[in-house]
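K.L.:
Each chain is listed here by its residues.
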Amino acid sequence: DVVLTQTPPTLSATIGQSVSISCRSSQSLLDSDGDTYLNWLLQRPGQSPQLLIYSVSNLESGVPNRFSGSGSETDFTLKISGVEAEDLGVYYCMQATHAPYTFGAGTKLELK
Amino acid sequence: QIQLVQSGPELKKPGESLKISCKASGYTFTDYAMQWVKQAPGKGLQYMGWINTQTGKPTYADDFKERFVFSLETSASTAYLQINNLKNEDTATYFCARAHYFDYWGQGVMVTVSS
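Going line by line, the protein sequences match chains A and B.
The first sequence begins at 324 in the numbering used here and counts up by one.
The second sequence begins at 36 in the numbering used here and counts up by one.
One should not assume that every hint holds.
[Claimed, not checked] FRET-style restraints, in silico, Cβ to Cβ: (1) B:Lys54 / A:Ile338: 40 to 46 Å; (2) A:Thr328 / B:Thr109: 36 to 42 Å; (3) B:Asp138 / A:Gln340: 27 to 33 Å; (4) A:Thr330 / B:Gln117: 26 to 32 Å; (5) A:Asp324 / B:Thr126: 20 to 26 Å; (6) A:Ser404 / B:Asp138: 34 to 40 Å; (7) B:Gly61 / A:Gln370: 16 to 22 Å; (8) B:Asp97 / A:Thr337: 37 to 43 Å; (9) A:Gln340 / B:Thr94: 37 to 43 Å.
If you're looking for bench data, these hints aren't it; they were derived computationally from the structure.
Ideal placement from N, C-alpha and C gives every residue a C-beta, glycine not left out.
With the hints as constraints, model all of the structure from the sequences given.
P.N.:
Now the structure itself:
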């Protein structure tokens with residue numbers, strides 16, 4: 324199975340600070356169809372996860388553009404340009420290129 | 036609007052069975068696969084597998100090939116997760132999510148297995 328390693332496990336930020344989360348895959352996530360199925364999700368406390376970014380860098384509808392995704396093959400990054408209070412929670416990367424799909428262990432974003 | 040509405044919390048004893056529902060609305064049910072995800076208390080997300088809503092064919096991740104059954108009631112736009120012979124380690128919240136992008140999620144069903 325594909326292993327996704329997220330760093331850091333915990334991130335402390337102040338409001339307005341820009342932060343980045345890394346997700347490294349044990350295998351290339353480039354699919355034979357040319358797409359790379361690496362998504363980013365946010366789970367706020369007590370809520371279901373929500374999709375933020377799909378296919379590495381595509382912003383899901385309704386998600387603020389302070390969120391951005393980048394990367395290729397095995398190395399991916401989620402950046403938040405100016406953290407807001409509503410951004411606190413656990414961020415997960417996940418891959419849907421190789422079966423079975425897998426999730427990273429999560430990065431908890433908290434207020435400093 | 037698109038919604039996935041799951042059934043309510045469950046309290047079961049070891050060895051019992053349960054069936055969780057995930058009712059979809061706001062889109063054509065058979066146009067998108069349905070995924071299932073487990074989250075143990077205080078832990079991360081664990082992928083369980085998915086069901087093809089056109090054919091009804093389920094695909095299970097290795098940890099969920101025994102005791103777990105995905106099914107559909109297409110006429111009701113509903114997907115089901117059945118867990119047989121419940122064990123303490125099945126205590127978790129179970130989510131359904133739409134398609135291979137996981138773009139919509141149910142609210143989750145909290146399952147507690149305790150004697």
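K.L.:
Please go over all the hints and tell whether each is borne out by the structure.
P.N.:
We went through each hint and held it up to the structure:
no.	hint	result
1	B:Lys54 / A:Ile338: 40 to 46 Å	holds (44 Å)
2	A:Thr328 / B:Thr109: 36 to 42 Å	holds (39 Å)
3	B:Asp138 / A:Gln340: 27 to 33 Å	holds (28 Å)
4	A:Thr330 / B:Gln117: 26 to 32 Å	violated (37 Å)
5	A:Asp324 / B:Thr126: 20 to 26 Å	holds (23 Å)
6	A:Ser404 / B:Asp138: 34 to 40 Å	violated (23 Å)
7	B:Gly61 / A:Gln370: 16 to 22 Å	holds (19 Å)
8	B:Asp97 / A:Thr337: 37 to 43 Å	holds (42 Å)
9	A:Gln340 / B:Thr94: 37 to 43 Å	holds (41 Å)
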